[in-house]
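Enquirer: Each chain is listed here by its residues.
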Amino acid sequence: MASVPQLQRQFIEYTTSLHNEGYLDDQFTQLQKLQDESNPDFVVEVVSLYFEDSEKLLNNLATALQQKSVDYKQVDSHVHQFKGSSSSIGAQRVASVCVHFRNFCEEKNLEGCLRCLQQVKQEYILVRNKLEALFRRMMQLEQQILQAGGSIPMME
Amino acid sequence: MEDDNAEDMEVEILPSMWPEDIDAAGKKFNVEKPGVDQDLLEDFNFNEEPSIVDFKRLLELTNYSEKGSSQLSYLVKNWEWKQENAVRLLREELENLRKQQDKFELKKLEILEEHRFEDDNYGGDKRPVSILDEVYDIFQDVPKRRSDVIVQDERLEIDDECDTTTVKYWKQRALHLEKLLNVSVQREQILLEKLEESIENLEKQSSPVEELSQVLKRADNFLHFVLQNAPVVIGHQDKELRYRFIYNHFPSLREEDIIGKTDVEIFKGGGVKESQDFKREVLEKGLPGKREITFETELFGAKTFLIYVEPVFSKVGETIGVNYMGMEITDQVARREKMAKLREEIAVQKARETELNKTIHITEETMRAKQMLATMSHEIRSPLSGIISMAEILSTTKLDKDQKQLLSVMLSSGDLVLQLINDILDFSKVESGVMKLEATKFRPREVIKHVLQTAAASLKKMLILEGHVADDVPIEIIGDVLRIRQILTNLISNAVKFTHDGKIKINLNVIADPYPKAQITYEENELQSQETVVWIRCDVQDTGIGIPETALPSLFKKYMQAGADTARKYGGTGLGLAICKQLVELMGGRLTVSSKVNHGSTFTFILPHKVPQACDSSDETDDYKDKDDNGSMEEDDLKCGFFQFKTRTLGSLFSSNGSGPTHELTRSESDKIDRISVLENNNTNHMSVDQDRPFHDPCIQKNRPSNSNKLMKMDSGTTTSKSSARYKILLVEDTVVNVMVAKRMMRQLNQDMDVVNNGVEALRAVQRCDYSLILMDVCMPVMDGLQATRLIRSYEKNGNWDEARLAGVDIPDQISKEQPRKRIPIIAMTANAMSESADECFANGMDSFITKPVTLQKLKQCLEQYLPSYGAL
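Quick note, the sequences are listed as chains A and B, same order. Residue 141 in our numbering sits at position 141 of the first sequence, and the numbers go up by one each step. Residue 619 in our numbering sits at position 619 of the second sequence, and the numbers go up by one each step.
Since the hints were derived computationally from the structure, they do not count as laboratory data. Some hints here could point you the wrong way.
Capping the alpha-carbon separation at 25 angstroms, the derived lysine to any residue pairs in SDA-like fashion look like this [said to hold, decoys possible]:
1. B:Lys858 <-> A:Asn39
2. B:Lys728 <-> A:Gln35
3. A:Lys73 <-> B:Ala843
4. A:Lys73 <-> B:Lys398
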């Protein structure tokens, strides 16, 4: 059984690793900061809402791009929304693919759009897996820390 | 025997008529030996018409041209040889006969002498003796026959010797011999006759011309046979390129139309001259050649011929004409050209593909770079604004003099960095074509005044700033005031930077149109819009260090400064002038510079401006007053054309927060303070941003005056209420995640928020409830934030929702009175600082914008700025 400081360090390291790998940016830290005793599950709530929303948007996008005559305006607004929500939770890689995606929308480049859809899906699934793993790991760590009698470290 | 001979004769004669060595000599006529297959040719019925021959010329040719004569000589030689052979054979035969005759004569004499007596007795008794009764022929196989004769003669002799015993026998024998002799003599005579006849025949019949023409005809027939369906034209032309012979399977002209004429005389159209020239060339050079010529004649349309022309030489070596052969290859050429075209197209396509790939690559690269820039500016801007606002807040706390001084240095440095970042962003905006210009009414005198004021406020050295505006400069003109201010500010700050003492002057004059041609189009516009265009020249003059002449050309290039020393000494990105130049050019003007080292520089830019209609001016002024709290300015002030600002003392800058170095600045500051207090009393949030609207400039806003605004505000904020009052805040946002995050942040800031999901809902919410602040997403379904803001502003101004209804929004009727409402601060939330331009937000009536993702810090700042007594410190 690891000591409390060790666990605490692990806890922080795991979060920062996601930052360093570029999956998440400071916005996620912001979210974590917003979580307190009155809102103990805020991050998980927001992120699950994000997952829900994203899956809906990705479905909409896929359908929109399969139409015979693609309504690029609609696609663009979906992508815009996706970008907004992604950057709100700090999923910066998803957000940056969305930027490219919007450029292709502007050009009405179907091929580019489809490629971007694939990319954005990939990035989304990646960040989802990472976040899910993060939550699991954090829960474990939290429990371990609490069991060991420590307190959850605050994010910087 | 006779039949055999006759057959022999034919078989042997015919081949001899054809030159035996014709193959060996490698002649062009590879003709089968006639005889067996002779009938072959006769079966064909030749249409000899196509070839039109000038026979005289042919004879001449055979006589004069080398080729013709050599061919002729071959034929003649052969013929002579044959004749010689025949004559030799005849002679031999004759000789033989003569010898035989002599022999017989001799024998006869011997016998007569031996049996003279018997001769008388048996003289009349003559019996025929059997000998070979032969028909002599000149072409007979002579030697064989001769040997036959000899053998018989010997047998006769043997007979003679055996039968000499009886007289009777001898008599008989003598008679017989005599008869034989007579026959022999007779035969000799016949032979002689025949010989003569033969010689006569030979001379008569076998003239070489006849035989030659026969040969030629045969060749001709073969040629016709071969050529009868070939798309070939064969011809001979003389020295003057007149046709002497032409063979054309598909003749469209008659003989007299061609023979004796040149190409040019016969045909008209494209290619004719070329072919004639080519023939002439061959004629002159004496070398054969091939060429492809496309004809475009009335006679046979567009056709391509491959033409072979060879010179014909006389025996002396002179060219006397050309042989020419043409084959129609139109289809082949078409096919070939099609192939070439296809190949070319493929190549072009490939090139285009690589080009496209390159472009895609470059575009991606540019995109990435732009994105990088946007991200970077965002990344730098947010923490920086955090630092600056914290420092500003810090400056409102209790500090001693030293601390305040240090803090103000910190603030000005922070502002400088912000300015630099804005510069870079601006520049990339102009470069990528994102920069959009706005046309708004503004007062040039006021702009000059403000710019000078601002510059004076941050002045750290003893300088005089002056503005001269000529009387003929209109009171109001139309242009992008933000950008013009930016240019002026840039030029002034440059001037200040490089001037250590003396004066910096701005002169504004109306000048004649530098592009009179463009005037016409303007005049056309004028007729429609009734707006006149004035060209205004603006000089920014300083008495600074000047610019060396060598540095002038690179002055406006980006990242360039006059020299490495300068860069180190004065700092800066080197983007300022490049941006100015780009902006001026974007507005259709020109930026120039003249300078003298150690005496100063003058930057001059000229810009075209529209002038609003004169008749409207009073109304406009009213409007202007509505929008601008400074509109209460006196008419004299409006027309005042001279401003001067001086640095009071160096220390004064650091001594107080807000009181400007000139009395005017002080006045405006006090104005603000007054207004703020009034606003606070009314508990409204109508803030200074409004007052700055006409000259709103993101860069300027970050500068001193706005800082001092904030400082003022902070001051008043702390004094009036420190409690965190509750406000009605409306969030217009369609993305659930964003809503959740923003809501949570608001709670953190102790504020509650109403949330609606699109512009239309926002309008309804505004109608229902009075909000203190609206946070408005720009991109939304149903109605976007820009339109919603515009409609809300219209509602505020007119007190009704008519415009919204016009836009198709269903809004329930209002019971309340139609009267102007107070203005709600609307803050845009944009996803990208680049694409959704701040200008667009401002143009639609938004007060400010925060970039997404929204952070606690940004929200806090926003509340602090727009909720007057928000004291969340």
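Enquirer: Between Lys728 of chain B and Gln35 of chain A, does the CA-CA distance stay at or below 25 angstroms?
Expert: Holds - the C-alpha atoms of Gln35 of chain A and Lys728 of chain B are around 24 angstroms apart, at most 25 angstroms.
Enquirer: Checking one constraint from the list: CA of Lys73 of chain A to CA of Lys398 of chain B, max 25 angstroms. Satisfied?
Expert: violated, 54 angstroms
Enquirer: Given the hinted pair Lys858 of chain B and Asn39 of chain A, is their Cα-Cα distance within 25 angstroms?
Expert: holds, 21 angstroms
Enquirer: Are Lys73 of chain A and Ala843 of chain B close enough, with their CA atoms no more than 25 angstroms apart?
Expert: holds, 23 angstroms
Of the numbered hints listed earlier, the single one contradicted by the structure is hint 4.
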